[in-house]
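K.L.:
Sequence:
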Amino acid sequence: MYSSYDAFGIGVLIYCIVVLVIAAGLGFIPATIAKNKGYSFGLWWFYGWMLFIVALIHSLLLPDKNAQRNYPGQQGPYAPPPSIPGGPVNTSGRPAPPPYPHMPASYQPPQAGRTPPYPQQPQGTYMSRQGNAPQQVDAAEELQKYKQLLDSGVITQEEFDAKKKQLLGI
212 MYSSYDAFGI
222 GVLIYCIVVL
232 VIAAGLGFIP
242 ATIAKNKGYS
252 FGLWWFYGWM
262 LFIVALIHSL
272 LLPDKNAQRN
282 YPGQQGPYAP
292 PPSIPGGPVN
302 TSGRPAPPPY
312 PHMPASYQPP
322 QAGRTPPYPQ
332 QPQGTYMSRQ
342 GNAPQQVDAA
352 EELQKYKQLL
362 DSGVITQEEF
372 DAKKKQLLGI
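Counting in this note's numbering, the sequence shown runs from 212 upward without gaps.
Below, computed lysine to any residue pairings styled on SDA-like, alpha-carbon distance capped at 20 Å:
id : residue 1 : residue 2
1  : K374      : Q355
2  : K246      : L262
3  : K276      : I240
4  : K376      : D362
5  : K246      : K276
6  : K246      : Y258
7  : K356      : K376
8  : K358      : F371
9  : K375      : D362
10 : K276      : Y250
11 : K374      : S363
12 : K358      : A373
13 : K374      : D362
14 : K248      : W260
Hints were generated in silico from the structure; no laboratory data involved.
If you're wondering where the values come from, they're calculated on a predicted model, not measured in any experiment.
Kindly generate the complete structure, drawing on both the sequences and the hints.
P.N.:
The structure is reproduced here in structure tokens:
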């Protein structure tokens, strides 16, 4: 005959077995994550079975052993394509996408040293701060400012000559 202590013991035993089976099932989660990153499945399963939460966090923070690193001169799927003068390299055989897909096809980015085509004011005039009436500026004062920029090395001789011709109307 069974006593109430025996029934209690059997209930505790069944409970412990169920908890162990659930813990063993949960151990597959960090083990699978670690396996996908190039680590041992069995060791990580045991780690996840014993300490599930810790093993899960640890497996998520592991570096990926399978990811290839790019080093200069490296060839492979993760290596950058070689740079060829004249444009981007397309190794897939498909046409290269436009460099600025959100812009119209006619858009060309500004080149170094050139400014975009902004609406320009008449030469030799500046807008006053109080209103929209332009103020005439003496060309000699402008040339003097550009000469100082040339002497300090901010602009080149060619830029100075072009501005001089522009201000003098030559």
